[in-house]
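There are 2 protein chains.
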Amino acid sequence: MALVVQKYGGSSVADADGIKRVAQRIVATHKAGNAVVVVVSAMGDSTDELRDLADQVSPAPPGRELDMLLTAGERISMALLAMAIANLGLEGRSFTGSQAGVITDSMHGKARIIDVTPGRIQTALTDGAIPIVAGFQGVSQTTKDITTLGRGASDTTAVALAAALGADYCEIYTDVDGVFTADPRIVPAAKRIPRISYEEMLEMAACGTKVLMLRCVEYARRYGMPIHVRSSFSNRDGTWVTDTTPPAGEAAAMEGEAMEQAIISGVAQDRGEAKITLVGVPDKVGEAARIFRAIAAAAINIDMIVQNVSAAATGRTDISFTLPRDDGHAGMAALRALQDEVGYERLLYDDRIGKVSVVGAGMRSHPGVSATFFGALAEAGINIEMISTSEIRISVVVDENDVEMAVAAVHSAFDLGDGEEQAVVYGGSGR
Amino acid sequence: MALVVQKYGGSSVADADGIKRVAQRIVATHKAGNAVVVVVSAMGDSTDELRDLADQVSPAPPGRELDMLLTAGERISMALLAMAIANLGLEGRSFTGSQAGVITDSMHGKARIIDVTPGRIQTALTDGAIPIVAGFQGVSQTTKDITTLGRGASDTTAVALAAALGADYCEIYTDVDGVFTADPRIVPAAKRIPRISYEEMLEMAACGTKVLMLRCVEYARRYGMPIHVRSSFSNRDGTWVTDTTPPAGEAAAMEGEAMEQAIISGVAQDRGEAKITLVGVPDKVGEAARIFRAIAAAAINIDMIVQNVSAAATGRTDISFTLPRDDGHAGMAALRALQDEVGYERLLYDDRIGKVSVVGAGMRSHPGVSATFFGALAEAGINIEMISTSEIRISVVVDENDVEMAVAAVHSAFDLGDGEEQAVVYGGSGR
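From first to last, the protein sequence lines are chains S and F.
Its first residue numbered 1, the first sequence is counted upward by one per residue in this note's numbering.
Its first residue numbered 1, the second sequence is counted upward by one per residue in this note's numbering.
Be a bit skeptical, because a hint or two may be false.
A pair counts as met if it fits within one copy or between any two copies, since identical chains are not told apart.
[Said to hold, decoys possible] Below are the EDC-like pairs computed for lysine to aspartate or glutamate, each with C-alpha atoms no more than 20 Å apart in a straight line:
#  : residue 1 : residue 2
1  : K20       : E341
2  : K144      : D127
3  : K284      : D351
4  : K31       : D168
5  : K110      : D127
6  : K20       : D52
7  : K20       : D55
8  : K110      : E218
9  : K284      : D340
10 : K284      : E345
11 : K144      : E91
Honestly, the hints are just simulated from the structure, not real lab data.
Please put together the full structure from these sequences, using the hints given.
See below:
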């Protein structure tokens, strides 16, 4: 008998029929001899609707009260799911984040989990009940106020709870069949990745793959908790995210699939960034530090940084970096305020860019990956604006209009598709 | 500086505009130098909408989960109200029933308050914040599960919290101007009752006056907590419900109003009952006990009971009683099962009845009240089917079609109207 934590996103419990379908899946897992703990998001768009209500009464609602409001969403979905389970003859027992022992800091709207003390969940399991836990929410250790963990954080709740309970694995149910070698909307031949390591998944998530949130994967890696991302609309296997030694449950589920390591796991794209270039920065010690201190002070996370070799004749250089598009105006404002101090010549802003990345632990031991990558782009006539690399990832910035062509060309160059898997609708998961 | 608990019903916070209007009233009370604690119901019909969702997933949802679901309603309204208060420059701090220390038994859907431990409310007051407490909900002392107190129980939450905090008085805001001498929809000349005693208000509530719930008045009487029932849509004084010695706050508010005790406080009607008659019951010791034990075993509360004098020739008598119309079928079924044992001849059921009552502490010392009452009905040509009395109330059962005429005739006979007050829309309060 395995202990399984199942997480269902908002699209899986969008209405009464969805809730009843999810209840049947949970009951089937239970009847197959597993102990099941469920984590659930709010129904469909209900969180957005609550947020709209808040906007109607206040232009700047306090974080504590916004968290109190938004946590009503999971309260509704988890109670309904428990009722639907009861209707199938088993006991569903719903718990708020606070009741489930999800202890956080006090940063309303983006609280971090400090500890999970799931005493009531364990009691429910001992009683033979199926605990249904609200995702996305917790309670502050110091103020005892209700907190939320930020968008997409129900996945993190699930993994944290699975780790605290010592679960065998954590299933993340969403509206796609798992993680694919590329976005099937762009590359119809893209195939499902049956198994991927934590660090590859981290790079994929950081590079724009939206199926799993970065934070959830970080948590899973830290605790060595295997994740199975799969669709709540089918019974197909999804993608296992694990360390390199597959656990028993995974090995069984992967029977018949090749276990050898591919060089490249997948291709990811991200259109959410913008590029800022400082032209003619004096090539002096400390200038870059001054610039990025100003960006950090504006609470902006930067991604790639490129600095040209200084032109000897002028003693000046150009510095480009990418940042989230939403922070574009704030970033430009911070740098404009710095012009006299730094003495750069011009500031350029470009949000018509896209980032394309290949990710694969196999590239560590295979030279020539960047040559294949850049060659594929050259053959497709695509200009590379910036390059950055990690040990298991290569990313380039290209023109926004070239993103789809680049993804298709690179996917083909690394021979990632095989046409076996049918492309499915590939959207963001619920929170 | 007074400590005031204000309760706002669902109709007062039905939408964003309502919430903002209520926030202004709260802030005005605070700025007038009072410490304010607010109890709020769910917005408009939102509790019914949640209940509909439950019906969609399960024909018989478990009480624990139904309570978890329904308590989402106040969570939303209280957070929005706190935001609207913040937008006016003060701090609103929302608390669930559990956070506010409303400790109950474990009867889901109709839990009773065991204790109120409002430590966090007192801390909020000390901090200068305005605590906003969810009405209708609490937490079970034994299971730590979320409970609800039943329909209309937000009034009870407010009074219980006021008592635990040692508040000066409790304001119940609703959509009518207070308690009237009769339903203004039936008697346009009905006037607002400026002051009424707990026991009169208990009789009025028990006889069908829906402005305040019976349970809330019982609680207020037990703790001697003055209640001011008034409209959130006007600034007019409402009705003070107190013991016979008015407190300082009330005396000030009632300045200029006659303090002498009227003989009759008001006329109430109730169309929610049915009448069952057992014809030809053998006149033996213990028969009535047997009959009403069967009714009690079916968890039915009976109201009036009338037993005719036994006819000496037959040794048989008739017994009639009234019960909530919703329990009519269950009551008949319980009695049918008893026919052989009791040996009554026939069972009659009538739900086309109405109850009309006059209530007034003054009737204790004024003879002739029943003569005036019955005389008014006779003049109006209305037949009386049953009569019951308490020390401060006389009730009759009449034909359903005669109820409005009876109320008007009795109101006029006791000279209760004076035309000073304008009739207002007179509906049920929120919960």
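Status of the hints after comparison with the structure:
1. In this homomeric assembly, K20 and E341 never come within 20 Å of each other (Cα to Cα): the closest approach is 62 Å inside a single copy and 48 Å across copies.
2. In this assembly of identical chains, K144 and D127 lie within 20 Å of each other by CA distance solely across copies; the values are 16 Å between and 28 Å within a copy.
3. For the homomeric pair K284 and D351, neither the shortest alpha-carbon distance inside one copy (28 Å) nor that between copies (95 Å) is at most 20 Å.
4. Taking identical chains as interchangeable, the C-alpha atoms of K31 and D168 lie at most 20 Å apart only when both belong to the same chain, with a minimum of 17 Å there against 57 Å between chains.
5. For a Cα distance limit of 20 Å, the shortest separation of K110 from D127 qualifies neither inside one copy, at 34 Å, nor across copies, at 25 Å.
6. For the identical chains of this complex, K20 and D52 are inter-copy neighbours only, at 15 Å across copies versus 27 Å inside a copy, given an alpha-carbon limit of 20 Å.
7. For a Cα distance limit of 20 Å, the shortest separation of K20 from D55 across copies, 12 Å, qualifies, whereas the shortest one inside one copy, 32 Å, does not.
8. For a Cα distance limit of 20 Å, the shortest separation of K110 from E218 inside one copy, 16 Å, qualifies, whereas the shortest one across copies, 45 Å, does not.
9. Proximity of K284 and D340 under a CA criterion of 20 Å is satisfied intra-copy only: 15 Å inside one chain copy versus 108 Å between copies.
10. For a Cα distance limit of 20 Å, the shortest separation of K284 from E345 inside one copy, 14 Å, qualifies, whereas the shortest one across copies, 111 Å, does not.
11. Taking the closest pair of Cα atoms, K144 and E91 come within 20 Å of each other only across two copies (17 Å); inside a single copy the shortest separation is 29 Å, beyond that limit.
Comparing the model with each numbered hint stated earlier shows that hints 1, 3 and 5 do not hold.
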